[in-house]
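Asker: Read off the chains here:
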Amino acid sequence: MTAEAVVVCGVGAALPSRSVSNTELTTRLDTTDQWIRSRTGIVQRYVAGSELSTSDLAVRAARQALACGGTERAEVLVVATTTPDRCCPAVAPTVATRLGLTGIPAYDLAAGCTGFLYALATAAGLIAGGTACTALVVGADRLATLPDPEDRATVPLFGDGAGAVVLRGGGANEAGALGPVILGSDGTGADLIRASRPSALRMDGADVFRHAVDRMSTTAREAAAAVGWSLGDVDRLVPHQANSRITSFVARRLGVREDRRLGNVAEVGNTGAASIPLLLADAAAKGRLRSGHRTLLTAFGAGLTFGAVALTWPTLPAHPPFGRKGPGHDQ
Amino acid sequence: MTSDLTRILIDDLRLPAERLTDDTTLDDAGFDSLALVELSVLLGDRYGIDVNDDAIRGAATLGRLDLLIAAKRSGR
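So the sequence lines, in the order shown, correspond to chains A and B. Using the UniProt record's numbering, the first residue of the first sequence is number 1, and each one after it goes up by one. Using the UniProt record's numbering, the first residue of the second sequence is number 1, and each one after it goes up by one.
Okay, chain A solo, but in the shape it has when bound:
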């Protein structure tokens, strides 16, 4: 029997242990703390050393999400990433094996910073279609590997990290049930955010800003309407953490009060596909996101890709073991 709805039942996150402050960046780039803060809202980001791969971060976040959900198993794994450990094979089968889940369907998905929402939609579809009863969805990226190390405009923007959620079949009216995931793409904007290889990211900041606010606000409106909410009903807006000026603009345009906009870009920078689940885990751990909150997720990324989904935040059976510095730090 197929499920009536797909429900979020666990969340987790992981960050490298090393944080890099704006001040540290000023020792090797011609920039200032004030310049970075005023244009991006970013104060620091976490950067993995060569010993910590995208799949390492994915495994840690996934373990936390499974523990949070009170389970050790999932029947399918989707890893959203644009910075896999290698070109081939995908990281997901390795991640599944390291989680003790050898044998389950496991694959990667690349949709830029919207990757997590794309992965959420495909995993939810597998549950709705009866392929699996439970799913693990991970967003994991090492975006700090993408900029030219000499480029003062893009190096400060990006950090590394991973976030994950566990999904299961459930009832349409229970907390945690996902509304329809609104997704879209626009290949005419493919050149606006592009990296032909690591250390070669190019980004057109002005056009990215325009597209980001347009696409995030449009999809957010559609996702809220799809579950019958007005934007005034939204308790928590969870926008992809690219830049606080973009997310603030989106919230104002939607008419969502500033105190209802969640954000952690100041602490982690732009972590790509990890951004939304990392923020969910962080906000839930800090009590900023609580059971019953009507929560609207929206993202935009390279591709161009964009998406949004609404859900009422569930009561989670266990709290992830977040440390003093935040979610899922390695030791």
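Everything labelled a hint here was simulated from the structure, so no lab data went into it. Worth double-checking, as some hints may not be accurate.
Residues from chain B that keep clear of chain A, each with C-beta distances beyond 10 Å, as calculated [to be verified]:
hint, residue
1, 1
2, 40
3, 58
Okay, the calculated beta carbon distance ranges per label pair [what the hints assert, rightly or not]:
hint, chain 1, residue 1, chain 2, residue 2, range
4, A, 148, B, 32, 17 to 27 Å
5, B, 22, A, 180, 46 to 56 Å
6, A, 188, B, 16, 49 to 59 Å
7, B, 6, A, 89, 57 to 67 Å
8, B, 55, A, 125, 20 to 30 Å
9, A, 266, B, 23, 11 to 21 Å
10, A, 315, B, 22, 52 to 62 Å
Since this is a predicted model, take the numbers as computed values, not measurements. Glycine residues also receive a C-beta, built at the ideal position from the N, C-alpha and C atoms.
Assemble the complex: chain A is given as a structure, and chain B must be docked to it using the hints.
Answerer: Just chain B now, with coordinates in the frame of chain A:
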């Protein structure tokens, strides 16, 4: 400067009110590159006019920016 533009600069772009006079240059008012784009998008949202960030930068002072916006709004 019209109150409409003043309100946008203070409430939306969070620029310091005491600096905002007709003769103030965009740089002195506190505009950075992103603020040019933010204002361009806001003008589209509020008034349905298309003033791109290059045109805003070209206005140079707030007084001339105000005239540019007024001209666009009146369809001139």
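Asker: Against this structure, judge whether each hint is valid.
Answerer: A quick look at each hint next to the structure:
no.	hint	verdict
1	1	holds (22 Å)
2	40	violated (8 Å)
3	58	holds (15 Å)
4	148(A) / 32(B): 17 to 27 Å	holds (22 Å)
5	22(B) / 180(A): 46 to 56 Å	holds (50 Å)
6	188(A) / 16(B): 49 to 59 Å	violated (38 Å)
7	6(B) / 89(A): 57 to 67 Å	holds (58 Å)
8	55(B) / 125(A): 20 to 30 Å	violated (45 Å)
9	266(A) / 23(B): 11 to 21 Å	violated (35 Å)
10	315(A) / 22(B): 52 to 62 Å	holds (57 Å)
Hints 2, 6, 8 and 9 from the list above are not met by this structure, while the remaining hints are.
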